[in-house]
Amino acid sequence: MERIVVGMSGGVDSSVAAMLLKQQGYDVIGVFMKNWDEQDDNGTCTATGDWNDVQEVCQLIGIPYYAVNFEKEYQERVFAYFLEEYKKGRTPNPDVLCNREIKFKAFLDFAMQLGAEKMATGHFVQKGDADGHSLLLKGADPNKDQSYFLYMLKEKQLARAVFPVGGMTKAQVRALAEEFGLPVSQKKDSTGICFIGERNFRQFLQGYLPLQAGEMQTQEGQVVGQHMGLAYYTLGQRKGLGIGGSGDGRSWFVIEKDLKRNVLVVAQGEDHPALYSRYVRASQLTWIGETPPAREGEPFQCTAKFRYRQPDQQVTAVYNGDELYLRSEDWQRAVTPGQSAVLYQGDICLGGGIAEEASREAMLDWVSILP
RNA sequence: UGGGGUAUCGCCAAGCGGUAAGGCACGGGACUUUGACUCCCGCAUUCGUAGGUUCAAAUCCUGCUACCCCAG
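Number 132 in our numbering belongs to position 127 of the first sequence; there are no gaps in the numbering.
There may be inaccurate statements among the hints.
As a list, the in silico DSBU-like pairs of lysine-lysine whose alpha-carbon atoms are at most 30 Å apart [claimed, not checked]:
| hint | residue 1 | residue 2 |
| --- | --- | --- |
| 1 | K92 | K265 |
| 2 | K265 | K39 |
| 3 | K159 | K244 |
| 4 | K244 | K110 |
| 5 | K175 | K110 |
| 6 | K77 | K123 |
| 7 | K110 | K39 |
| 8 | K175 | K159 |
| 9 | K27 | K39 |
| 10 | K77 | K159 |
| 11 | K93 | K39 |
| 12 | K132 | K39 |
| 13 | K77 | K92 |
| 14 | K110 | K93 |
| 15 | K159 | K110 |
| 16 | K159 | K92 |
| 17 | K27 | K244 |
| 18 | K244 | K93 |
| 19 | K175 | K193 |
| 20 | K77 | K93 |
| 21 | K123 | K193 |
| 22 | K161 | K265 |
| 23 | K123 | K110 |
| 24 | K161 | K110 |
Quick caveat, the hints were computed from the structure, so don't treat them as lab data.
Could you build the full structure based on these sequences and the hints that come with them?
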C-alpha cells in the first residue's frame, strides 16, 4: 500500500485531501507543520487551534498524525529573505518561497523519511503529464486556482506531489467536508502570510524593521504629507496614506519608493499614468519543466499573472539566463518589484520570475528582437 | 486704524427660510494562503460664538471672535 504524507493545516482543503486519499486506499499520514512561533494576547500559541483541528480530523478519518517543526528553516530560508527585500524597498511574496523551501522541500524530505512515496497538500492546483514529465496545471476552480503560489517548484518536486482537491471547486470541497462531518467544514478560509496568518501588517513589520519617517511628495517634488517608513507602503497602495482632501480631491496612490531620498512618491487619481506599465523585467527566472518553452533570446507568446488571482494577461516574453523580459498587450497596474510574474500557456504554469522593474517604455530593443 | 470678504465633519465642498449633498481621509466588513487593488457599510441632532426675528434659520438681523484682502 502506497504511503502518502499529507501536509495538514487544519483547514478544510487539506482535511478533505487527507480524507479522499484515505478513501482511495492509501496509507495516509497527516502531518502538521509548525513554522512560526507566536503567542497571542492570551499567551497561547496561535497555531494551537489549527493543530487541534488537525488532530480531530485525523482521528475522525482514522489516520496517524504528527507535527513537525520547521521554524528554523522558515526563519532562515523564507523570513530572512522577506525582511531583506523590505529593507531594499521591495515588496516580497514570502509564500512562493515558503512553498519552494518549506512545503515542497523540508516537508517533502520529511515525508520521504517517513517512508512515503508521495506527499499531498490541499492546494487548488492540478498535475499534468507530458512524456513522463510532471506539469503544474491550474486548479479546476478558476476562482481558487493557487498555481501562482507554486510557480517556483521544479518538476522533480512536482513529481512527488499530489493535489487531491485540485480538480474540485471550493464548493465541492466544502460539501464533501460537510458530508463526512469534518469538524472544519465551516471553517473560514485562511488568508495572510502562510503560517504567520492574518494580522495587522504594519504592526507586524514594526517588530522587525526600523521606522524611518520621511516625506510624501508628488512627482514634481511638492510635499503633501509624511510617511512612517517606506517599508510600510507598496506600489499602487491607496489606504493608509492619510492625505485625503488635498490637491484636486481625488484619492492618492503610491507610485514610487525613493529609498535614496527616503521619499514616498504619490500621485492622484486611480488612472494616473505612473501607475501603469507595459514592460517588465524580472529576475530569478525559474522554469518548472526541464525544457523551457523557448530558447534564450527567442520571443514567445504566453500569458502572465502579475499578482494572485489576476486574469491571464497576454504577453510576449523573452529570457536570457535567469532574466526575463515581458511586454504586455494591456496596461498593467502597479507591477511591483519583489512581486512575482508567473507565466502560463493555457492551463499550464510554466514558471516565472520576480519583478525588478516595470516601465511604460521598452527597456530592451524589442523591435529588433521581435519577428 | 478705516473699508470689504469669509467662517458648514480631519481636509475640500454643496446649501440662498423648511428641518445638514458629495468627494477625499478615517473606521468596520466582504473579497483574498504575499503586499496591494476593488467592493459594501458607517462617519456633523449640527453649521465660529452670543443673542434676535419667525410656526420654522446653516440660511434673515445684531454684537463678539478668528482669518483673508484692500487701504494706510
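Outcome of the hint check:
1. Between the alpha carbons of K92 and K265 the distance comes to roughly 12 Å, so the proposed pair stays at or under 30 Å and holds.
2. With a C-alpha separation of about 38 Å, the suggested pairing of K265 with K39 is violated against the 30 Å cut-off.
3. Proximity of K159 to K244 is assessed by CA-CA distance (about 37 Å); at most 30 Å being required, the pair is judged violated.
4. Restraint check: the Cα-Cα separation between K244 and K110 comes to about 36 Å, which exceeds 30 Å; the hinted pair is violated.
5. For a cut-off of 30 Å, the pair hint linking K175 to K110 stands: about 26 Å separates their Cα positions.
6. A threshold of 30 Å between alpha carbons decides the hint, and for K77 with K123 the separation of about 24 Å falls inside it, so the pair holds.
7. Pair hint K110 plus K39 holds up; C-alpha atoms about 15 Å apart against a cutoff of 30 Å.
8. Restraint check for K175 and K159: the C-alpha separation of about 26 Å stays at or below 30 Å, so the hint holds.
9. The suggested pairing of K27 with K39 holds, with an alpha-carbon distance near 23 Å, which does not exceed 30 Å.
10. Proximity of K77 to K159 is assessed by CA-CA distance (about 23 Å); at most 30 Å being required, the pair is judged to hold.
11. Between K93 and K39 the alpha-carbon distance is near 28 Å, which keeps this suggested pair within the 30 Å criterion.
12. Proposed proximity of K132 and K39 is supported: the alpha carbons are some 26 Å apart, at most 30 Å.
13. Under the criterion of a C-alpha separation no larger than 30 Å, the hint pairing K77 with K92 is consistent with the structure, at around 21 Å.
14. For the hint pairing K110 with K93, the CA-to-CA distance comes to about 27 Å; that is within 30 Å, so the pair holds.
15. With a CA separation close to 11 Å, the supplied pair K159 and K110 stays within the 30 Å bound.
16. Only pairs whose Cα atoms come within 30 Å are accepted, and K159 paired with K92 is accepted, the gap being roughly 28 Å.
17. Distance restraint check for K27 and K244: the Cα-Cα separation of roughly 46 Å exceeds the 30 Å cut-off, and the hinted pair is therefore not satisfied.
18. A threshold of 30 Å between alpha carbons decides the hint, and for K244 with K93 the separation of about 22 Å falls inside it, so the pair holds.
19. Proximity of K175 to K193 is assessed by CA-CA distance (about 12 Å); at most 30 Å being required, the pair is judged to hold.
20. For the given pair, K77 sits about 23 Å from K93 by alpha-carbon distance, which is consistent with the 30 Å threshold.
21. For the given pair, K123 sits about 28 Å from K193 by alpha-carbon distance, which is consistent with the 30 Å threshold.
22. Taking the CA atoms of K161 and K265, the gap is near 42 Å; set against the 30 Å cutoff, the hint is violated.
23. For the given pair, K123 sits about 12 Å from K110 by alpha-carbon distance, which is consistent with the 30 Å threshold.
24. Note on K161 and K110: the hinted pairing holds, with a Cα-Cα distance of about 11 Å set against a maximum of 30 Å.
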